[in-house]
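When you get a sec, could you build the whole thing from the sequences and use the hints?
There are 2 protein chains.
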Amino acid sequence: MTNHWRNALQKTLKDDQYSTSVSELYRHSHDESDHTPVEPEIVCFPESTEDVLAIMKIAREASVPVTPFGSGSGLEGQSIPTMHGISLNFERMNQVVKFSPEDLLVTVQPGITRLQLNSIINRHGLQFPIDPGADATIGGMTATNASGTTAVRYGVMRDQIVDLEIVLADGTLLHTGTKAKKSSSGYHLTGLFTGSEGTLGIITEITLKLHGIPEHTIAASCTFETPHQCAEAAHMILLSGIPVQRMEFVDAYSIAKVNDYGNYGLPEKHSLFFEFAGMKSAAEEEAALAQELLTDMNCENWRIAADSEERASIWKARHEMAYAYRHQAGMTITGGDVCVPISKLPELIDYARELISDSGLQGGVLGHIGDGNFHTSIAYDAKDPKQQLAAETINEKLAYRAIELEGTCTGEHGVGLGKIKYQEAEHGAAVAIMKNMKQMLDPTNLLNPGKIFA
Amino acid sequence: MTNHWRNALQKTLKDDQYSTSVSELYRHSHDESDHTPVEPEIVCFPESTEDVLAIMKIAREASVPVTPFGSGSGLEGQSIPTMHGISLNFERMNQVVKFSPEDLLVTVQPGITRLQLNSIINRHGLQFPIDPGADATIGGMTATNASGTTAVRYGVMRDQIVDLEIVLADGTLLHTGTKAKKSSSGYHLTGLFTGSEGTLGIITEITLKLHGIPEHTIAASCTFETPHQCAEAAHMILLSGIPVQRMEFVDAYSIAKVNDYGNYGLPEKHSLFFEFAGMKSAAEEEAALAQELLTDMNCENWRIAADSEERASIWKARHEMAYAYRHQAGMTITGGDVCVPISKLPELIDYARELISDSGLQGGVLGHIGDGNFHTSIAYDAKDPKQQLAAETINEKLAYRAIELEGTCTGEHGVGLGKIKYQEAEHGAAVAIMKNMKQMLDPTNLLNPGKIFA
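Residue numbers (UniProt numbering), protein chains in the order written: chain E, 1 to 454; chain C, 1 to 454.
Do not take every clue at face value.
[Said to hold, decoys possible] Per the computed footprint, the stretches of chain C lying under chain E, defined by three or more beta-carbons under 8 Å from a beta-carbon of chain E, are:
1. 137–150
2. 419–432
[As the list claims (entries may be wrong)] Listed next, the in silico DSS-like pairs over lysine-lysine satisfying Cα-Cα at most 30 Å (straight line):
3. E:LYS438 <-> E:LYS383
4. E:LYS435 <-> C:LYS280
5. C:LYS57 <-> E:LYS438
6. C:LYS98 <-> E:LYS397
7. E:LYS435 <-> C:LYS57
8. E:LYS397 <-> C:LYS209
9. C:LYS209 <-> E:LYS209
10. E:LYS57 <-> C:LYS435
11. E:LYS280 <-> C:LYS421
12. E:LYS421 <-> C:LYS209
13. E:LYS435 <-> C:LYS397
14. C:LYS383 <-> C:LYS209
15. E:LYS98 <-> C:LYS209
16. C:LYS280 <-> E:LYS280
17. E:LYS209 <-> C:LYS435
18. E:LYS421 <-> C:LYS438
19. C:LYS397 <-> E:LYS57
20. C:LYS435 <-> E:LYS438
21. C:LYS397 <-> E:LYS209
22. E:LYS435 <-> C:LYS435
23. C:LYS438 <-> E:LYS438
24. E:LYS435 <-> E:LYS383
25. C:LYS435 <-> C:LYS383
26. E:LYS438 <-> C:LYS421
27. C:LYS421 <-> E:LYS209
These aren't lab readings, by the way, just hints derived from the structure by calculation.
Ideal placement from N, C-alpha and C gives every residue a C-beta, glycine not left out.
Have a look at this one:
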C-alpha cells in the first residue's frame, strides 16, 4: 500500500525530483527550534505549480500528509512532518515570475529567499523590506506571517501581499486576490491563507508590494540602566510620531553574548537600536529629535553609526544574537515570542527578566520593541529534564501573561507545534470557527497535519 | 407566524428600540446608490451587544433576515434589506468602549461615525485617518473595507483593525484578534470579517489602530491638458517615493460641476490634488520635490494652499464632488469603482472618458489615483430605460476591462448588489470557497442575504 503512492510519485516526477536519502530525510526533519525532529518518508522537489498539483493528487488518493518546507529557518516546527508522509521542498521553485517595477509589484515562486529577491530588485531602486533576520523563503514568511525588525515601519508579511496562488487539498487551483493595490471585492482569502502555515492550502505563487529604497538611512543606538527604561523610552518615541524604520531592544545579557560571538565591542548594557530613513533632511531631523527625547530620559552611549559599514555591522550584530545563543556547546535554546499593547511592555519585560533570574537558567530578552513584540532566548541542557521544564515554564508563564495583558502568544513566529496549547486561551470561541475552516478546506487532514490545532 | 417574531422582538426590546413607522421603514430602504429600495419589516435599535444577541436569537428561531444599517452612506446597496426582515440600526451603539492613547488604540461600537471618533481623539494629538468622504460609521466602513483619500498613505480599513467582536448567526459571540499590534496566532479572522458586508457575522465592536496627527500639512494642486497626463504624473510621483498623504485626480468635467455647486473657483481643467504631511521640513521638502517633478512634466496652475482655510476648502470641494453630481434635478447617478495596477491607470482612465463620450451621457471621472482606484459618476434619467442601460453599460465595460487588466471591480465601495455580477470573472475558483464560508457560518442565510453572491 505504502509502496503504491511512492511508486506513483517516482513515476510522475523526474529522478532528481525526489529523495529518500538519509541526509535529505534528516534535513527535512527539523527547523531551527528545539521541537522534536520527525522525518518524512520522502522529500519531493516540485519545479512548477503543475508538479505541486500532481504530487497533491497522489497524496490525496493515498491519504498521505504533505508538509511544505522552505529554508528550514522556522522557529515553531511548522516544517516538521509530524505525521511523516511527504516533505515538499520549494527550493527549485525560486523564480521571479513577473517583476513590475512600474507597479511596485513582484510575483514570485515560494522558494525564493528574501535576499535573493532583494538582489534582483534593489538595482531598480526598490526593496522588499520585511526582515525576520534569517534568509527565509518568501513562501515560508507568507505561511507564518513573518515580520521582524522593519515591521514598525512597513507592517508584517500579510500587509505586503495582494495575491496568492493556492493549491487546495482537493486539487483546486485558485487566486486569492488581484494585482490591484486595494480591493473590496469578495472575502479576504489572501489574509486567511497568509499565516495559515500550510494547513489550509499550498502556496505556489505570491504577489508582493514593493517599496522604494529610502534616499538616506541613519543607524543609532543608546543604552539605559534597566530594561524597563528601554521600554518606556521606546513607548515615548512611538508616541512622538517619529516614523522609525527600526527600533530594537536588546538586554545587556544578550549584548554580552553577541560580543563574545562576533567581537562587536558593543557597550554591555540594556540597549536600543534605531534606524531612521527617508529623504535626507527628514531622516536627520528625526534622528535629532529622537536623540533629544532620549537624552531627556537619561539615555547613555548615544551613538550614530559613522558610515554604512558601521550601520551594517550594528544590524548584523542584532541578527546574530539569535545565533549567538545557539552556539553554546551542549546547550539547547528555546524562545518566546510574545506581543502586547505597547504600554504593557515595560511590565512584561520586567516579568520576563524576573522569570529568567528565578529559574537559575541563562537567557536573554530582545525584540521588536516598536511593535510591542519581544523574544526570550533561554539556554538549557536538553539532557537535564529539570532544566528543560524550567525553560518551558518561563515561556509558558510569559505567554499566558501576554494573553492576560490582551496580547498574543506569538507576534511573528507562528503557532506551529509550540503555541498550540495557547490557542484556546487566546482565541476562545474563535478556535471552533478556525477548526471548521480547516475541516472545510482539508477534510481528510492532509495539509501539514498536527500544526496550529492539536 | 409573522406576528410571532415581531411580538418576541417587542417583548425583548424597550418600546423606543423598534419602529415600523413609514418614515423609518423608508429611511432603511435605501442608501446613497441608485439600487432599488426595499423596506424592512421592522427597524431595531440595539443599545448593546446583548441586544444584538437577543435580536439575532429571535431572527434565527423565526428564520428572519437581518441586515445591519450604519449611516446609510453606502454606494452598493449593502444596507438595503433585499429580503425584508429586520434592519439593525447601530446609531445607539455609538460609544467609545475604550480609548488607549498610550497604545495608539481605540475600541468603539459600530455606530460611531469617523467624525465623532476624531472629535474625541484629536485633542490627544491622535487621528483616525481613513476618510471615504461621507461621515460613515466605523461599523459600515469595516463591513465594506472602505478607504478613500488617505489610503495611499495609511492603507485601507482592514489595515487599521486589530480586533473585532462578532455575533454569529448561531449566537456565538467571538473576538477575532487581540489588542497586540501584530500576531501570527491562528487564522486571520479579523481580515475575513472585515469587508464581509454583514454576510458572515454582525460586528458589535471594533478595535482600531490610531495615528499621530502630522506636525505640518501642505495642500497643493495642479492641472494638465489630458487625464492621461494626470495619470502619468501620479504614477511618476509614486515611483519617486514621495510619501504623499493624499493624491487625487478630478477630471475637468467634475471640476466644473463642483464649481457650479459650491462656487469654489477652481481652474476647470483636469487636476491633481496633493497633501504632503509630516515634520515641517520633510513636508516642505516633499512638496518642493513634487513641484519640480510635475513642472518637468508640464503641469500648469501649480498652487500651494495659502493657509489651513484654503486647504480645508480644497478637500471640501473634493468630497462634495460626489454630491455635486447627485444634486442635478431629475437625474440619477451611477458610479464605478475600479482599481488597477498603477501602470494601467492612464489606459483605463482614457477608456472611461471614451465610454462616457460615446454614450452621449454626462459624467465625470475622479478618484484615488495614488492607489490606482477611480470612480465614474454618470448622470442619467431613470425614467428613460435607454439612458439607464447606457449608464450601466459604461460601468460594466469598465469593470470587465479592469479585471482584464488584473485589477478589481471594486476598490473600496464593496460588492453589495451592484458588483455581484463580476465575482466569477474576478475571483474564479475562489468564489466557491467564499460561498462555502458563507454556508458554514450562516447555513440558513439570515445575515444580509442577497449581497456579494446571487
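Status of each hint after checking the structure:
no., hint, in the structure
1, 137–150, "holds (count 4)"
2, 419–432, "holds (count 10)"
3, E:LYS438 <-> E:LYS383, "37 Å, violated"
4, E:LYS435 <-> C:LYS280, "50 Å, violated"
5, C:LYS57 <-> E:LYS438, "27 Å, holds"
6, C:LYS98 <-> E:LYS397, "27 Å, holds"
7, E:LYS435 <-> C:LYS57, "24 Å, holds"
8, E:LYS397 <-> C:LYS209, "27 Å, holds"
9, C:LYS209 <-> E:LYS209, "21 Å, holds"
10, E:LYS57 <-> C:LYS435, "24 Å, holds"
11, E:LYS280 <-> C:LYS421, "49 Å, violated"
12, E:LYS421 <-> C:LYS209, "28 Å, holds"
13, E:LYS435 <-> C:LYS397, "41 Å, violated"
14, C:LYS383 <-> C:LYS209, "46 Å, violated"
15, E:LYS98 <-> C:LYS209, "33 Å, violated"
16, C:LYS280 <-> E:LYS280, "14 Å, holds"
17, E:LYS209 <-> C:LYS435, "28 Å, holds"
18, E:LYS421 <-> C:LYS438, "29 Å, holds"
19, C:LYS397 <-> E:LYS57, "39 Å, violated"
20, C:LYS435 <-> E:LYS438, "15 Å, holds"
21, C:LYS397 <-> E:LYS209, "27 Å, holds"
22, E:LYS435 <-> C:LYS435, "17 Å, holds"
23, C:LYS438 <-> E:LYS438, "15 Å, holds"
24, E:LYS435 <-> E:LYS383, "36 Å, violated"
25, C:LYS435 <-> C:LYS383, "36 Å, violated"
26, E:LYS438 <-> C:LYS421, "29 Å, holds"
27, C:LYS421 <-> E:LYS209, "28 Å, holds"
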